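Protein chains: 2
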Amino acid sequence: MTKQVQELIERAQRTFVIAHVDPDGDTIASALALAHALRKMGKKCILACDDPVPEALSFLPGIQEFGTPAITDEDLIIAVDASDPNRLGSAYQSVLCLDRPTVNIDHHVTNNMFGTVNLVRTEAAATAEIVFDLLRDLEVLLDPLLATYLLTGIVADTRSFSTPNTTPRILEVSAELMEAGASLTEINENYFNRRRLVTLRLWGKVLDQMQLDGDLVWSVNTLDMQNECRAGSDSGDGIVNLLATIREAAAAIVFKESEDGQVDISIRSRPGVDISPIAVHFGGGGHPQAAGSILQGSLDQVIPKVLSKAKQVLNSNR
Amino acid sequence: MTKQVQELIERAQRTFVIAHVDPDGDTIASALALAHALRKMGKKCILACDDPVPEALSFLPGIQEFGTPAITDEDLIIAVDASDPNRLGSAYQSVLCLDRPTVNIDHHVTNNMFGTVNLVRTEAAATAEIVFDLLRDLEVLLDPLLATYLLTGIVADTRSFSTPNTTPRILEVSAELMEAGASLTEINENYFNRRRLVTLRLWGKVLDQMQLDGDLVWSVNTLDMQNECRAGSDSGDGIVNLLATIREAAAAIVFKESEDGQVDISIRSRPGVDISPIAVHFGGGGHPQAAGSILQGSLDQVIPKVLSKAKQVLNSNR
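Chains as they are written, first to last, in our numbering: chain L, 1 to 318; chain S, 1 to 318.
Pulled out of the complex, with its shape left as it was, chain L reads as follows (with noise of 0.2 Å):
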């Protein structure tokens, strides 16, 4: 398949890439590091995104370049690590209906080959490790830039190479991204270890109302926590992989209270407990260490039947 991409590439002049949705690292900066790579090659490049960049990449060159521009004349559309056209977000979803190629780069097991070529491979640590891949195929050399982009997407969907996707090929990679002049010290400081210290505040608030129930620990995240602590509606949304640290506990869950009348529900496992069924449940979704879903109602009304699922799938799971 690379064949195909690596040739519908030569032959674009004006290329488009586009970020999924609810965008994480390693979206954006393989998107980065494409849209880098394309124009060393010649080629125009136009970066999309629907939604905005977190501000933990604000340190990479060139992300303000995200945007939602409309597609014109451009020849040839990527998109990157998204496993199905709904995560490309309303802008573009409709992109196979254009009448030029899409390519679809991805490393989702979920990934539904939505692309007219798609180069899809399950058994990547991360889209930013295809992308690699693909650049050395098409001869292009690394720089500082771009081995920041691709080491940064590789960090980011390790954490760190701390996840079970960590492969050893992963390591011998980010080596030879180093030796190019990625500074890891560097993206760890600035995508992991940049917390605003009211979302700190709020953690320990999170924290001060954790209860351990068998072998899951659960916790919420209110409106009032939130006002207290003068912190965003997001600044809780780390905590809940703290809670998963917990050695009594075989999976944790925090429930996050919406303006809105809605509850967050983000839930996490030890590996081999697979919690995904619970998210699934109720119309969310995620990964078997790691999903989530959006509920409507009060904590009140949503935290006894999630907890009710939540102990079932974990019986199920011994």
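Derived by calculation from the structure, the hints in this document are not laboratory data. Computed from a predicted model, the values in this text were never measured in an experiment. Where is the CB? At the ideal position from N, CA and C, for every residue including glycine. Check each hint, because a few of them may be wrong.
Rough simulated footprint, nothing fancy, chain L against chain S, three-plus residues with beta-carbon under 8 Å [said to hold, decoys possible]:
(1) 135-146
(2) 185-191
(3) 200-210
(4) 241-247
Got chain L; can you put chain S on it based on the hints?
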């Protein structure tokens, strides 16, 4: 120097391997790797450590071998990851007075070359990296257990490849150790992701007491807080790392109150900000980004003194 160490090891029959006091993952796992390799070479080996081994390392087979046995008829002593004889603890700091050779294997810049032969490589990310090279020179083949020990040492001293001492080479070595059967996921899960519920409850209280003073964030871990959470006195020890991720802060300090009228201070900083002079001023020590000290007095007495010195040091860093 490796050649001399190699000869000493090849000649030895009964070896005595010592990890340093207040042991971390690198000293313990490197010592275990050496013991395992020496036995594969047909030699006897005794493992020693003058302090208890942290529970986070209990997943390593053979961990129960560490104790404080007397040195009797052993013909070679190997000190692992210890920068000076004091780091061997009172049980072993006089090893140098014995009439047999001591090999000093370490990577600390502060190593005072106390061994009969000193294999000290300060560019190594971990002592485990030096042991990896030594075992290759000794033609000891990697097996899954040996690879697990060595990768644990590396993961521990680079905090899973996130510290500035992470080199391209250490990623390549780690890839090789994974290929040889070490599970990076299991090591990360066991070493970093096993916190007690009461530990996180205490973290919540420490976060609740956070104060930002200029670009210094600080908090307290009092006896009352420890008692209220029923957490042991060492439970609050990782929280300073979390405080140091605060975007508004260049440095973080946690003041921990002890039963014996002492206050234990832990200091962390962003890369580029050297806070070790604060610890040194109060009789402690450490690295530019991580240092600590123990002060006599109450929290009320200690805090203003340390904050005043900290601000002076942070100002001189600008």
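Structure-based check of each hint:
1. 135-146: Violated - the segment 135-146 of chain S has 0 residues with a Cβ nearer than 8 Å to chain L, which falls short of three.
2. 185-191: holds (count 3)
3. 200-210: holds (count 9)
4. 241-247: holds (count 6)
Comparing the model with each earlier hint shows a violation of hint 1 alone; every other hint is respected.
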